[in-house]
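Which chain is which? The protein sequence lines are A and B, in order.
Under the numbering used here, the first residue of the first sequence carries the number 8, and numbering increases by one thereafter.
Under the numbering used here, the first residue of the second sequence carries the number 19, and numbering increases by one thereafter.
Hints listed in this document are in silico derivations from the structure and should not be mistaken for laboratory results.
A few of these clues could be false.
Here are the computed distance ranges between Cβ atoms for each label pair [unchecked claim]:
| # | chain 1 | residue 1 | chain 2 | residue 2 | range |
| --- | --- | --- | --- | --- | --- |
| 1 | B | Gly113 | A | Ala23 | 51 to 61 Å |
| 2 | A | Gly161 | B | Asn128 | 53 to 63 Å |
| 3 | B | Arg107 | A | Glu160 | 22 to 32 Å |
| 4 | A | Ala23 | B | Ile156 | 27 to 37 Å |
| 5 | A | Gly116 | B | Asn128 | 46 to 56 Å |
| 6 | A | Gly161 | B | Leu20 | 29 to 39 Å |
What the simulated footprint calls covered on chain B by chain A, stretch by stretch (three residues with Cβ under 8 Å from a Cβ of chain A suffice, anywhere in the stretch; the number is not a length) [stated by the list, open to error]:
| # | region |
| --- | --- |
| 7 | 44 to 51 |
| 8 | 75 to 85 |
| 9 | 163 to 171 |
Please read all numbers here as calculations on a predicted model, not as lab measurements.
By construction, the Cβ of each residue, glycine as well, lies at the ideal position given by its N, Cα and C atoms.
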Amino acid sequence: MRLLVLLLVAGLAILALRGYLESDRRQIERQFERLAEAASVQGTESPIEQIAQAAQVVRFFTNDVVLRLGQDSSSVIAGRDALVALAAQARRRGPLQVMFDDVQVSVGGPDSASVYATVTATGANLQSEVVEAREISVTLQKVDGDWLIARVEGVRTLERP
Amino acid sequence: MLLGRRPKLTIIRIVVLIVVSYVAFGFLFLPVRGEGISMLPTFSDGQLGFISTLAYVRTPPQRGDIVGIRMAGRRVMYVKRIIGLPGERLSIVGGVVHVNGVPIAEPYANGGATWNLPEAQIGSDEFFVVGDNRRMAIQNHDLGMARRERIVGKVLF
């Protein structure tokens, strides 16, 4: 009897773990981990490598993605092509460590979700280390089973007068 | 023997130590490591400190306090100094901070003679925060009004 209860509990635990690992929330968290990895630059890359790696980054976004990181219209990036150009340009600056922290996922429906997180980019400028941190609000869409980023908006932590 | 002569007591002590450390450093005194130069010379790049989350339980944040300001969560925070309180008007003229039209003394500030900021009205639930390093260009310096709910606690060194 005792063994039966133990097996039942173990079975339920495995099911719960599987459910968690395969849940939309977990998939989205993994997607952000993979995006951070793809966006980070380990060393110096050749121009071809820069383009190839930039193309790897944009597969996390929808075709009509919109990024609005500042308040003015010049800080809006629309579409995957513009994003590839931006990602390749960023990679020219050398080693870069991208991280998403405090990722808060909220699944709104079977095909829509949103994420609120802090993105940090650590790079080098001459001799000193430069850290950029920004709060972002992200809208995701499920396309062919994959959660893709459709919109990114910068959130102001400090309201500048 | 690894656990001493009274292993039960040793295990209890270890568990208590783990629980106390978890509560202390997970909730009450949050460890922070400075990154960047905006708080120089008070808080330098790589310096370690703690944020006391209990500091403002009974009293509100005060001018001159160095505080931790959360972003999306508590893993990445701004460390800044409060220079303006709720309801005040604040401006910077030639590097001198004016509160309600009156210049204030800032012995901790590092340079900033070129800084100018038009007068701003601070909201009833906001604090104006800035770094101590005023030698850097004002455009490259993150400053402004932070809502009270974003202030996690007071930085202790």
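We went through each hint and held it up to the structure:
1. B:Gly113 x A:Ala23: 51 to 61 Å: holds (59 Å)
2. A:Gly161 x B:Asn128: 53 to 63 Å: Violated, at about 28 Å.
3. B:Arg107 x A:Glu160: 22 to 32 Å: For B:Arg107 and A:Glu160 the Cβ distance comes to about 30 Å; the hint holds.
4. A:Ala23 x B:Ile156: 27 to 37 Å: violated (52 Å)
5. A:Gly116 x B:Asn128: 46 to 56 Å: holds (51 Å)
6. A:Gly161 x B:Leu20: 29 to 39 Å: Violated, at about 53 Å.
7. 44 to 51: violated (count 0)
8. 75 to 85: Our answer is that it is violated, as 0 residues pass the Cβ test (under 8 Å) against chain A, missing three.
9. 163 to 171: With 3 residues in contact (Cβ-Cβ under 8 Å with chain A), the coverage given for the region 163 to 171 of chain B holds.
Violated hints for the displayed structure, listed by number in ascending order: 2, 4, 6, 7, 8.
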